[in-house]
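*Asks:* Read off the chains here:
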Amino acid sequence: MAEQDIALMAHLMRRAGFGASLDEIEAKAAQGYDNVVQELLNPETQEAVEEDLLTRYNPSYHEAAAIENNVQQWVWRMINSPRQLQEKVALFWHMIFCAGHSKIDSGQEMGLMVDIFRQKGMGKFDDLLLALSTNPGMMYYLDNTESHKTNLNENYGRELLELFSLGVGMDEAFNYTEDDVKACARAFTGWNIAPPYPPFPHGRSPWEFRFDPADHDNQEKTFLGETGNWNGDDIIEIVCKQPATARFLARHMYNYFVADEPQIPAWRLTPPRDQAAIEAMEKAYWDSDHSIKAMLEVLFTSDFFKADAARYAKVKNPAEMVVSLLRMTGEFKGYKPGLFDYSQEPKYMGMDLMNPPTVEGWHTGREWIDSGTLVERINFASDILGNTELEGVQSLVNRLMNMGDKLSPEQFVDGCLNLTGPVVLTDDTLGQLISHATQEGELSHGTDAEKSDFTRRTGEMFQMIAATAEFQFE
Amino acid sequence: MSTHLFGLTSRTFKHSHAIGRAEFAGTGFRNPSDMAIAPDGTVYVCNRSYENRPDGVHVTVVTLDEEYVTEFGAYGEADGEFMWPTAIALDSEGNVYLADEWLNRISKFTSDGEFVSKWGTAGSGDGEIDGPAGLVIDADDNILVVDSNNNRIQKFSLDGKYISQFGSKGSDDGQFNMPWGIGLDSDGHIYVSDWRNDRIQKFTADGQWEASIGSTGNGVGQLNRPNGVSVDKDGDIYVADWMNNRVQVFAPDGRYITEFHGEAVLSKWGRDKLASNPDMIRQRSLAFANDPGYEQKLMRPCAVKIDSDGKIVIIDHTRNRLQVYIKEDEPALV
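Respectively, the protein sequence lines represent chains A and B. Note that this note's numbering numbers the first sequence so that position 449 is 449, with each residue one more than the last. Note that this note's numbering numbers the second sequence so that position 123 is 123, with each residue one more than the last.
Honestly, the hints are just simulated from the structure, not real lab data. Since the model is a prediction, treat every value here as computed from it, not as a measurement. Accuracy of the hints is not assured; some may be wrong.
Stated by the list, open to error - Okay, the calculated beta carbon distance ranges per label pair:
id, chain 1, residue 1, chain 2, residue 2, range
1, B, V265, A, Q119, 34 to 42 Å
2, A, A194, B, V265, 42 to 50 Å
3, B, I163, A, P337, 38 to 46 Å
4, B, E67, A, P337, 41 to 49 Å
5, A, R210, B, P278, 19 to 27 Å
To be verified - Okay, the calculated bits of chain A under chain B, using three or more residues with CB under 8 Å as the criterion:
id, segment
6, 47-61
7, 66-75
8, 161-167
9, 379-393
Ideal Cβ placement from N, Cα and C applies to all residues, glycine included.
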């Protein structure tokens, strides 16, 4: 297997999934890049999570009320789901269609919302937007439950346009007016929630969307230049045919899957990093009748995605940092106690899953990193990679030993970098690692003492790699 | 006037009452996984809870009249602690045995909850266990362990000495795919919930296969990952049809009789909880008017046991309560 094929497959699995063990990357590289892209894009061709087993060992996951249970379950799926792109796409939408537990106060609703992203996240954008607009958690989070024919609340109407579909503007122009916001909000009046059961004494019932025709504004509305007696589904149809929507989605996809873009509020005035890439994805949106999968197919098979310049061009978000390490080392494959602590790690790194800071979501890219979160990231990564007792880390050590009876410090460092990424370092950082490895000289593993020393040194080298600036990127 | 009767009408059932509410301690349950009922009506319920609420992991002792007795045990690996409790059983002296499918051990407690001893070695050899999921104690005070990941039933003395085994992995008669619950009839026949084969298998006391009940599905007599199984004094078989959210009842010959979907009204402890939360009473009344069935129905029932009076007690797992049915000799007026 050519090294460049492995490196490209590793890049694909980091972006279209949460990374993989080297064994898995090699197996996928042997399948061929385009075949793997098709598998990722068509999750139904992959094994599903075995829901019976998952809830047999974690019975509380079924209709889980507690937010911690829902976050833990999602992290388990990120680690274990064979349908990796499905989970990655669920996180993508969670970072755009932001709603949080701090207001919703129902872990189950957060879990159900993420499940919509999982199930519909690669389908037709209109369908996803309709599912979002009838999602009771979102209706409550953005106050649509408080928006009435006689007493309008514009919050959902505004965020649907500003954050969920059109964006504020593009090519320096604005995409909608205040009148459009108002018309949009009026069209969604009456979209509400049936009364759910309270938490006591037997747990909340799942919230249920309910349309109340008597509370719906039936008057004529003019929205984005079109006049009619619009209801919410009409608004979605109009929104989905706007050029701004295709642009907004393409930029979000580029930002999440390819390379960090400026923060979203700057998009009206700041052109895309790669205009041609954005246009190619926009074209896919129109050619496919608004298919998200079609846009992703263009993205993952494009030269701009495969290019060297796109590799390690993104700061790992905290979920990616935590889950990719657990996947790389084979930790938490299957069912065992102990996942709760790991599932909280993204929060310590600044990403409280299912509870974004505001409806605008997290600031991404280099803003993931500050002095506090960097320490958390490095400590977590080096704790995992340096723990040579873990089965997955042990298997990396064994692979390193299989490289030869004796390894020079250069070979050793090169091998460690390959196994943990492959990670590409600047010459300066690489020189420092080699210099450190040279202090203890050549490595061999013929005797038990040498094996033990080899293992110790590998764990230390993994920890040093985890502490590099380069390891913060993917 | 003629009356048309269909099906097996010689038995009639009615819902009696519900017990419990969702709590991490005291007067309620949290993700209860199994129960055992003593001859005097005392019920031992093992609670699995979840990882970030280890305080919910313990055995709750209640009566079928919903009187709280005590609780014992805690999350952990030390003596008297457990991590993933799956099953609980009582011997003829009232001692309590609890299976932990993560630690692969059986812990013994007195009827008052004092830790006595533990046994169990992880593995697949004779007498070793991998994922104990069901327990039942026979008339000779031997303990039958559903050794789930080894796809077999093993018989031990009460102090853990290996006696015998039957079963292997597969879907043929007498084979298993991750079996879970286990029950006995009054003649000593053994009934096993063959979880991933979606069937109940009946064996003689020495492990000879006799019959199978059920197939995969959600239709009449079909099962979706059955868990608990018990047999009443008439030989009728009750199966917790876990992922179909119901309990099915079969005649001794395996013919379908009926099914319970749950009809719970508020338990005593449920009322107590609501009494101190008027906002919840208000919200619940609106929800009830919108969908009265939601709260009443079984959700992931995982165990069904028969008490000495013939009451049928179901663990309504996700709703954190027990639902009790009775089988009437006279036609039940419902």
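*Asks:* Under a C-beta cut-off of less than 8 Å, do 3 or more residues of the segment 47-61 of chain A approach chain B closely enough to confirm the stated coverage?
*Replies:* holds (count 7)
*Asks:* Taking the Cβ atom of A194 (chain A) and the Cβ atom of V265 (chain B), is their distance within the range 42 to 50 Å?
*Replies:* violated, 22 Å
*Asks:* Between E67 (chain B) and P337 (chain A), does the beta-carbon spacing fit 41 to 49 Å?
*Replies:* violated, 33 Å
*Asks:* Are 3 or more residues of the segment 379-393 of chain A near chain B, judged by a Cβ distance of less than 8 Å?
*Replies:* violated (count 0)
*Asks:* Falls inside 38 to 46 Å, the C-beta gap from I163 (chain B) to P337 (chain A)?
*Replies:* This hint is violated: roughly 31 Å between Cβ atoms.
*Asks:* Taking 34 to 42 Å as the stated bounds, is the beta-carbon spacing between V265 (chain B) and Q119 (chain A) within them?
*Replies:* holds, 35 Å
*Asks:* Taking 8 Å as the Cβ threshold, is the statement that the segment 161-167 of chain A is covered by chain B upheld or broken by the three-residue rule?
*Replies:* Coverage by chain B is violated here, the residue count being 0 at a Cβ distance below 8 Å.
*Asks:* R210 (chain A) and P278 (chain B), beta-carbon distance inside 19 to 27 Å?
*Replies:* holds, 24 Å
*Asks:* Do three or more residues of the segment 66-75 of chain A come closer than 8 Å to chain B, measuring C-beta to C-beta?
*Replies:* Per the Cβ count (4), the hint holds.
In terms of the numbered hints stated before, the structure departs from hints 2, 3, 4, 8, 9, listed from lowest to highest.
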